[in-house]
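Asks: Dock chain B against the given chain A, drawing on the hints supplied.
Sequence order for the protein chains is A and B. Residues in the first sequence are numbered consecutively from 0, following numbering that gives the first Met the number 0. Residues in the second sequence are numbered consecutively from 0, following numbering that gives the first Met the number 0.
Just so you know, these hints were derived from the structure itself, not from any lab. Hints may be right or wrong, so weigh each one.
[As the list claims (entries may be wrong)] With the Cβ distance kept under 8 Å, some of the chain B side facing chain A (calculated, not the full set):
(1) D142
(2) E151
(3) T155
(4) G168
(5) T174
(6) L176
(7) G315
(8) P325
(9) F326
(10) S331
(11) D332
(12) I613
(13) Q616
[Unchecked claim] In silico lysine to aspartate or glutamate, EDC-like type, Cα no more than 20 Å apart, as pairs:
(14) K570/A with E431/A
(15) K80/B with D56/B
(16) K399/A with D294/B
(17) K585/A with D433/A
(18) K399/B with E145/A
(19) K437/B with D516/B
[What the hints assert, rightly or not] Using C-beta positions, here's what the derived DEER-type ranges look like:
(20) R520/B with E145/A: 33 to 39 Å
(21) E145/A with P347/B: 52 to 58 Å
(22) E140/A with T10/B: 58 to 64 Å
Backbone N, C-alpha and C define an ideal beta-carbon position, used for all residues, glycine too.
Number of protein chains: 2
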Amino acid sequence: MSDQDPLVIFTPSGKRGHFAPGTKVLDAARQLGVDLDSVCGGRGICSKCQIQPSFGDFPKHGVTSSPDHLSEWNSVEERYKSKRGMIDGRRLGCQATVEGDVIIDVPPESQVHKQVVRKSADTREIVMDPATKLYYVEVEEPDMHEPSGDLERLCTALAEQWDLAHVRGDLRVLTQLQPALRKGEWKVTVAVHHGDGLTEARIMQVWPGYYDGAIYGLAIDLGSTTIAAHLCDLRDGKVVTSSGIMNPQIRFGEDLMSRVSYSMMNPGGAAEMTTAVRTAMQALINTIAAEAVIDPALIMEAVFVANPVMHHLLLGIDPVELGQAPFALATSDALTLWATELDLDIHPSARVYILPCIAGHVGADAAAVALSEAPGQSDDLVLIVDVGTNAEILLGNREKVLACSSPTGPAFEGAQISSGQRAAPGAIERVEIDPITKEPRFRVIGSEKWSDDPDFAAEAGQITGICGSGIIEAIAEMRMAGLVDAGGLIGSAEQTGTARCVPEGRTNAYVLFEGDDTSPRITVTNGDVRAIQLAKAALYAGARLLMDQMEVEHVDRVVLAGAFGAHISPKHAMVLGMIPDCEVDKVTSAGNAAGTGARIALLNSAARREVESIVRQIVKVETAVEPRFQEHFVAASNIPHATDSYERLRAVAPLPDVSFNTGGGEAGGRRRRRRG
Amino acid sequence: MSDQDPLVIFTPSGKRGHFAPGTKVLDAARQLGVDLDSVCGGRGICSKCQIQPSFGDFPKHGVTSSPDHLSEWNSVEERYKSKRGMIDGRRLGCQATVEGDVIIDVPPESQVHKQVVRKSADTREIVMDPATKLYYVEVEEPDMHEPSGDLERLCTALAEQWDLAHVRGDLRVLTQLQPALRKGEWKVTVAVHHGDGLTEARIMQVWPGYYDGAIYGLAIDLGSTTIAAHLCDLRDGKVVTSSGIMNPQIRFGEDLMSRVSYSMMNPGGAAEMTTAVRTAMQALINTIAAEAVIDPALIMEAVFVANPVMHHLLLGIDPVELGQAPFALATSDALTLWATELDLDIHPSARVYILPCIAGHVGADAAAVALSEAPGQSDDLVLIVDVGTNAEILLGNREKVLACSSPTGPAFEGAQISSGQRAAPGAIERVEIDPITKEPRFRVIGSEKWSDDPDFAAEAGQITGICGSGIIEAIAEMRMAGLVDAGGLIGSAEQTGTARCVPEGRTNAYVLFEGDDTSPRITVTNGDVRAIQLAKAALYAGARLLMDQMEVEHVDRVVLAGAFGAHISPKHAMVLGMIPDCEVDKVTSAGNAAGTGARIALLNSAARREVESIVRQIVKVETAVEPRFQEHFVAASNIPHATDSYERLRAVAPLPDVSFNTGGGEAGGRRRRRRG
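Same shape as in the complex, but just chain A (with noise of 0.2 Å):
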């Protein structure tokens, strides 16, 4: 290319160059390196290379650009455009050639390496870079007097048409090869895994001609609790659906101890709960399949991320181990496996990965919030707490990153609360209560109006308890209204002034709700206090022990994690003490990070080689064994804290100074806890 020749700038890269007229777009834009798709390698037929020209005069760039600097609408985009349907003033990138000074721009969805769409803009993108990937190539025929094997010649073409060297095929490509390129005419489409490094890169399926279809990975969440997946498409990262179920080992006990118990005191309990979950896992593919009305086959990939116990348990590893000190990993390395050796059902040669653990208690999840969330790429000081039944925490910015986990128990996801149940329609999960009055007003889920709305009625149907953030709001309302003691005690009706306080057994009930003709009554009950005391100090006393390690009396910013953490409110959890004392405009949710974290790790590769990288940096604190792990679970018993003033709360929350405590009855509340 010569400076007189034609130039052409391309946004919104900004890649310019000089081409000869007749150049392809889709060569200039290679050349220029240019992010520009193409599955068919420039033959027409995929239309991913769509480009969008602009014409007039660019004073900026110093060009005009005009309809004639491009060749000529042409016959295969007219094919393509009527068959199809193309954008007006669209080209095909392979068919238009330059003719003149031209300005091109490349639209989102014609970028190979395009830009997930997310929800909330201060996450971090995912970009388009998954480890399955389709390419169409032309094989040549083969030749009896130079013989090579069909494969062979493929793996050329790959190679000469893609610069995909050391390809290999899984066994049952080499079964369906033949018959494809017969009745492809020597051209296929094949969905190339790229391995990870260590293994090779291998064909696992083959299409006569070019595929138009999709094909789809899972990014799945293995909670104690809840299992949670999302379906996405390979091609473009969308999400397709997401669908979750209760994890069926819950009836081997709820937290992850109690199963590790089974386990020891079971022989062949750990492989009975590794058969539930896998079990379980494949009715919830086959769930998400028919939803989104898939043939389960064209699931090419899964990752997983899960605490350890649930991590082993996955892999039919007896997660002994991990219940006692020193709580050594079976392994902790990332893996990439087949997912016949999970029993999973999904595409026959399909590749699931597996992201890294940090810890003994420290598991995948944590990892993949650490690559959604990116503590070690934050200026000020962020902790990261991702609420389940048991808790990672991670505490850092640039200079270090801390992790730990904590027990809390599944308290937060309802359970263990007289009136808990799981967040579905019916569940109250928003609670305010009148300091004068202590009159509540709520909501529940699956209609907008409070309870005080005339309208309400009609509107919220059934109710059937109270959900996580719920019960949250409820007890640091009744904190803020005088309600309940900073001990965690439920005031008597004398106490508090309002007959919404009852009597029940030794202690006091506040009533949420009366109940009507097909509605229960809904108390928030002194022994949901307690078991949300407990969970909420496990959850504070390790945020602090990471916080005694970094040396640091207080975080700049808090993000609350998890499915259910996306809906805590920030200034609740701060009466409740959850979380360490801070700006309550610095508390923000992340939503569920861990799933994103195994989503952004089926959809880009280069960021499973990160996370790997990102464990390693990852200091681990074990809290079981840290004595101060006691000491703040102690003081964080109480609501807020014992010790810690809360100053930057109390300036926007008041903290009655109330104590019901009248010497009888139970108090303080410290029981046996559980990682769970």
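Replies: Below, chain B alone, put in the same frame as chain A:
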């Protein structure tokens, strides 16, 4: 080490060096690169590093070696010797230290890369270096403050103690790792499969402590008619058991092309044949394991060689493309698979290596012959003929190697012969016919006596038929005795002057054995002669085609290979015209060269890379479409040949100029040939 330090000289390598007093002999050997084995890494457990010091004056080396130039016999050596025995005078290299000048012999069994003893001195040596090896390692205990997985610490130990980088673990290893490490008190023995350049090394099995047992590999020659397997000890390469069975696919067609036809004509036929051969393979494996009294789960590797059709059927690939030009293989490269992918039930993580194919009609069996017989390293021009239902033919020297296959059909294996049978006790295997009296004598398998020996009847027992080598000798002897003419017609009693020539239909037969109370009458019919003529003409035509390509008129030497090739008499083969004219003493037998090639690839992983490179250099000749093949075939139908004078043969064998063609009846014999 300085010149003042003691001098250590190792034999037989001659490697020498000065070492500080107190240096372990094993360490000295390692520093000098002396091939001294050790599985336990010098911990006095495995005894693989036994050495034999030589004492006395060695003027040649300029040293005096005396017993006190090594440290004293110690308690570790005493314990080992008393428990397990050790040859007097030997020491453990990891216990004895250098204290003065000393000569140390490394006995063959203490070499890592020991040679496997082979029967014939002129065949290539096999140097032990299998893909699967055992390593004893001491693993660091877990530290909860520096958490890492047990597998990762095991891999670190392998890297540090054995220089094995980038090793991973099979999933199954993860499930057994934690109990093994704890039972072995952080010492374990692992079996590592070393990958193949593209795939990484993987731990396949973990044993607590030092594993003193064997691990095994199978070398399998999957032929059209028979399947032969050798069970080898992967530690020393010894063949523990060999066994063979008939290929059950015979019921789908005796030769390869009829099996391809079966697949074409019957939907699911290929899958049916795949199931048949895999089932038979498992039966053979079970038999071998039972004979060797070993657990099949200790068979950690299998190596397969096969012709292309069997290769594809084993892999589950429909061989239909191999039945028609251009005879495209689904894959030609070597394959490394899991045994489970072929439904083989041996070690659950066992790997399978399948040698590469050369061309659509020249398979992995021919590649194995090329590996075993190494024509590319021959100074003189060698023709290698692997005689089977489908013959593989190689011609070459250091300059160039050519290969083709030829569809001989199963006649040489005793099929399609009126009294034919496979080589088994009771089969006639050697024949002589007196040129004057025209009377025969013969030997049967199972007896050393000739049939004219008075003790023959008592020793030989029942005579059941005639095997491949028997029919070759019978017809060649008939030709030399003037009983069959160059055209292949058997003379009548009048024409030959012997009543042993009897009419049979419109032709004649020769009575080899009259039969008795227990044994049937055995004749050589003119149909038998025709079958052998067709088979041998195909063989010769293939060889001749390679000679044309090489532009030579004769070869320097001939190697007859194949399970059956070993039993063919060179002179008789030449009288028949199976092979081109050559000095008779330059025709040798290599036994089952394909099976040997499989064994080499099993025991030496470098040989796998070698054969993969060899096949790329071999020039492939496709006989099926070569017009000259037909021409050569017709000329080769005569016995020995219509146009070649066979001068070298005539110098040692009479070829009477008889003709029994009276103008009527069948003549010259061209029938439809099939590849087989």
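Asks: For each hint, tell me whether it holds in the structure or not.
Replies: The hints, checked one at a time:
1. D142: Result: holds, 6 Å to nearest chain A Cβ.
2. E151: 5 Å, holds
3. T155: It is violated, given that the least Cβ distance between T155/B and chain A is near 11 Å, above 8 Å.
4. G168: Status holds, d = 7 Å.
5. T174: T174/B check passes; min Cβ-Cβ to chain A is 5 Å, inside 8 Å.
6. L176: Check passed: Cβ of L176/B comes within 6 Å of chain A, closer than 8 Å.
7. G315: 5 Å, holds
8. P325: This hint holds: P325/B lies near chain A, its Cβ roughly 4 Å from the closest one there, short of 8 Å.
9. F326: 5 Å, holds
10. S331: 4 Å, holds
11. D332: 6 Å, holds
12. I613: Where the cut-off is 8 Å and the nearest Cβ of chain A is about 15 Å from I613/B, the hint is violated.
13. Q616: 13 Å, violated
14. K570/A with E431/A: At roughly 12 Å apart (the allowed maximum being 20 Å), E431/A and K570/A satisfy the hint.
15. K80/B with D56/B: Violated - the C-alpha atoms of D56/B and K80/B are around 28 Å apart, more than 20 Å.
16. K399/A with D294/B: 52 Å, violated
17. K585/A with D433/A: 26 Å, violated
18. K399/B with E145/A: 16 Å, holds
19. K437/B with D516/B: 24 Å, violated
20. R520/B with E145/A: 33 to 39 Å: 53 Å, violated
21. E145/A with P347/B: 52 to 58 Å: Violated, at about 40 Å.
22. E140/A with T10/B: 58 to 64 Å: 59 Å, holds
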